[in-house]
Amino acid sequence: MKQKLLCSLLCLASLGLLRSSLPLPAAASPIGHTQVVARPTEERTLVVYPNPSTGIVHLTISGLEGRRAEVSVLNVIGTVMYRETLTELNDHATKTLDLSKFANGLYY
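When we follow my numbering, the leftmost residue of the sequence shown carries the number 60, and every step to the right adds one.
Incorrect hints may appear among the rest.
As the list claims (entries may be wrong) - With beta-carbon atoms standing in for the labels, derived distance ranges:
| no. | residue 1 | residue 2 | range |
| --- | --- | --- | --- |
| 1 | N163 | Y108 | 14 to 22 Å |
| 2 | A162 | G125 | 31 to 39 Å |
| 3 | E102 | V135 | 26 to 34 Å |
| 4 | I136 | S159 | 19 to 27 Å |
| 5 | P111 | S131 | 12 to 20 Å |
| 6 | D150 | Y108 | 16 to 24 Å |
| 7 | A162 | E124 | 34 to 42 Å |
The hints are simulated quantities; they were obtained by calculation from the structure and are not laboratory data.
Where is the CB? At the ideal position from N, CA and C, for every residue including glycine.
With the hints as constraints, model all of the structure from the sequences given.
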């Protein structure tokens with residue numbers, strides 16, 4: 060049985076889901092200093108299944124509504140095997156990838 064293993068942690072890093080670069084609003088205090096007011100963290104998730112896979116892999120991405128994300132699949136030496144930009148994502152976007160044409164192995 061052919062199996063391919065995707066590591067969702069690296070997928071999260073590729074999508075920018077491990078850290079947020081959202082700006083924090085500044086608010087003036089009564090004595091004229093500026094302070095940073097933290098916003099609640101947005102709930103962002105990435106689910107990759109099944110893992111390991113026989114070739115067909117499903118991605119479910121949430122928390123990126125109205126934004127775009129780049130999905131990349133890399134082999135173990137870092138060669139980009141597949142890349143696609145997803146635009147205008149809805150709140151629970153899904154994408155199916157067919158990796159059956161790739162050699163057996165570990166993919167990120």
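Hint check:
no., hint, verdict
1, N163 x Y108: 14 to 22 Å, "holds (19 Å)"
2, A162 x G125: 31 to 39 Å, "holds (37 Å)"
3, E102 x V135: 26 to 34 Å, "holds (31 Å)"
4, I136 x S159: 19 to 27 Å, "holds (21 Å)"
5, P111 x S131: 12 to 20 Å, "holds (19 Å)"
6, D150 x Y108: 16 to 24 Å, "holds (19 Å)"
7, A162 x E124: 34 to 42 Å, "holds (36 Å)"
Comparing the model with each earlier hint shows no violations; every hint is respected.
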